[in-house]
Amino acid sequence: MTRTEDLVRRLPNDIGGLPAEPIQQVDHQLEPWEKRCHALADVLDFHKIINTEEKRCGVEALGAEVIGKLTYYERWIVAFTNILFRKGILTPTELALKMEEVDVRYSDQG
Amino acid sequence: MPRQHHDHDGADEHAHAGISEPERPGYYEIMETAVRELLIEKRLISADEIRRQIEVLDSRTPALGAKVVARAWVDPDFRARLLANGRAACEEFGISFYDDTSLIVLENIDQVHNLIVCTLCSCYPRPVLGLPPDWYKLKPYRARAVSEPRVVLAEFGTIIPNDVEVRVHDLTAVVRYLVLPKRPAGTEHYSEEELAALVTRDAMIGVIPVTIDKGTVAP
Chain H
672 MTRTEDLVRR
682 LPNDIGGLPA
692 EPIQQVDHQL
702 EPWEKRCHAL
712 ADVLDFHKII
722 NTEEKRCGVE
732 ALGAEVIGKL
742 TYYERWIVAF
752 TNILFRKGIL
762 TPTELALKME
772 EVDVRYSDQG
Chain S
122 MPRQHHDHDG
132 ADEHAHAGIS
142 EPERPGYYEI
152 METAVRELLI
162 EKRLISADEI
172 RRQIEVLDSR
182 TPALGAKVVA
192 RAWVDPDFRA
202 RLLANGRAAC
212 EEFGISFYDD
222 TSLIVLENID
232 QVHNLIVCTL
242 CSCYPRPVLG
252 LPPDWYKLKP
262 YRARAVSEPR
272 VVLAEFGTII
282 PNDVEVRVHD
292 LTAVVRYLVL
302 PKRPAGTEHY
312 SEEELAALVT
322 RDAMIGVIPV
332 TIDKGTVAP
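Which chain is which? The protein sequence lines are H and S, in order.
Under this note's numbering, residues 672 to 781 are what the first sequence spells out, in order.
Under this note's numbering, residues 122 to 340 are what the second sequence spells out, in order.
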């Protein structure tokens, strides 16, 4: 019998109390874009566009595989885009076009 | 968790870049830039706000929390106010709270050792400590701190005697905790500034005590 109920009882963020590996005391200096991403999160919170709990839920909604494979701030920015789509603040097309534009600009600079 | 992580999902399109070229922004950095610029174009946020918030983030380090702890050690009235309302006492001390959070300060005493964790994500007393270290945000600490705190503490070299209660506090989006460590013995003649220099980030998370030799060996 597959234990699907384990998937339902705990959402991906709900890991308190689970067995896990020994703690490795790792840390890293934030890259500039990661710090900008953090500042963006704070500013979105100030303007009540996305609050902290919405952000946490937005990360959780990415699902276990995405959460497991993306880094911390990668999860944040993807969660923000999903929330902004859902709230009708951005559209996927708009974002895709802007990302192309940014990519070309970065390439030209490079 | 540096950049090489991108390779997991093939999201980094820049693997073809020659080793001598500067690294081009990855997919998620492009996404961050695009989202930020779109929101600025729509006048929902401003570039100035982002820049100012980066400055705020840069201004928050564990040295701030250390000053609060040292003041609490030398000023019993401040300590009482800090324990009564952490946020108000920190604000009185000149530390602004840029987020909409309350702060509860947990005092370590002979019978009680406190430890903070955010099991669901990465909540942290950012206004007074800055951003959390990576290990605080990763699964091993978040998962195990609540179920086997003494084992976790031992991995940080901290052995808590069995007759001392260990209390683990799980932060939320709106309620943040800060540990007020025990003042180490032998510091009776230290100035407030000298005391602050002993207080580390990890001591204010609660994973190590404050020691005179600053974290080399736990008592």
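Since the hints were made in silico from the structure, they are not lab data.
Any given hint could be a false lead.
[Claimed, not checked] Cross-link-like lysine-lysine pairs, in silico, PhoX-like; alpha carbons within 20 Å at most: (1) H:K726 x S:K303; (2) H:K758 x H:K706; (3) H:K758 x H:K740; (4) H:K769 x H:K740; (5) H:K719 x S:K260; (6) H:K758 x S:K260; (7) S:K258 x H:K740; (8) H:K740 x S:K260; (9) H:K758 x H:K769; (10) S:K258 x H:K706; (11) H:K719 x H:K769; (12) S:K258 x H:K726; (13) S:K163 x H:K769.
[Unchecked claim] Computed far set for chain S versus chain H, every beta-carbon distance over 12 Å: (14) P146; (15) E150; (16) L204; (17) I225; (18) D334.
Keep in mind the model is a prediction, meaning the values are calculated, not measured.
All residues carry an ideal CB built from backbone N, CA and C; glycine is no exception.
Consistency of the hints with the structure:
Annotation: proposed proximity of K726 (chain H) to K303 (chain S) is violated, straight-line Cα distance about 35 Å (limit 20 Å). Proposed proximity of K758 (chain H) and K706 (chain H) is contradicted: the alpha carbons are some 24 Å apart, above 20 Å. Pair hint K758 (chain H) plus K740 (chain H) does not hold up; C-alpha atoms about 26 Å apart against a cutoff of 20 Å. Restraint check: the Cα-Cα separation between K769 (chain H) and K740 (chain H) comes to about 25 Å, which exceeds 20 Å; the hinted pair is violated.
Distance restraint check for K719 (chain H) and K260 (chain S): the Cα-Cα separation of roughly 29 Å exceeds the 20 Å cut-off, and the hinted pair is therefore not satisfied. Distance hint between K758 (chain H) and K260 (chain S) is unfulfilled; the C-alpha atoms sit about 30 Å from each other, more than 20 Å. Distance check on the hinted pair: K258 (chain S) and K740 (chain H) sit about 15 Å apart at the alpha-carbon level, within 20 Å; holds. With a CA separation close to 13 Å, the supplied pair K740 (chain H) and K260 (chain S) stays within the 20 Å bound.
Distance hint between K758 (chain H) and K769 (chain H) is fulfilled; the C-alpha atoms sit about 18 Å from each other, no more than 20 Å. Of the supplied pair hints, the one linking K258 (chain S) and K706 (chain H) holds, its CA atoms being roughly 16 Å apart against a limit of 20 Å. Taken as a hint, the K719 (chain H) and K769 (chain H) pair is broken in the structure, with Cα atoms around 24 Å apart against an allowance of 20 Å. Only pairs whose Cα atoms come within 20 Å are accepted, and K258 (chain S) paired with K726 (chain H) is accepted, the gap being roughly 15 Å.
Restraint check for K163 (chain S) and K769 (chain H): the C-alpha separation of about 13 Å stays at or below 20 Å, so the hint holds. Not every CB of chain H lies more than 12 Å from the CB of P146 (chain S), the least distance being 5 Å, so the non-interface label is violated. With a closest Cβ-Cβ approach of about 4 Å to chain H, E150 (chain S) is found to fall inside the 12 Å limit, against its non-interface label. The beta carbon of L204 (chain S) is kept farther than 12 Å from every beta carbon of chain H, the shortest such distance being approximately 25 Å.
Every Cβ of chain H is farther than 12 Å from the Cβ of I225 (chain S); the closest lies at roughly 17 Å, confirming the non-interface assignment. Residue placement check: D334 (chain S) keeps its beta carbon more than 12 Å from all beta carbons of chain H (closest about 18 Å).
In summary, the structure is inconsistent with hints 1, 2, 3, 4, 5, 6, 11, 14 and 15 from the numbered list given earlier, while agreeing with the others.
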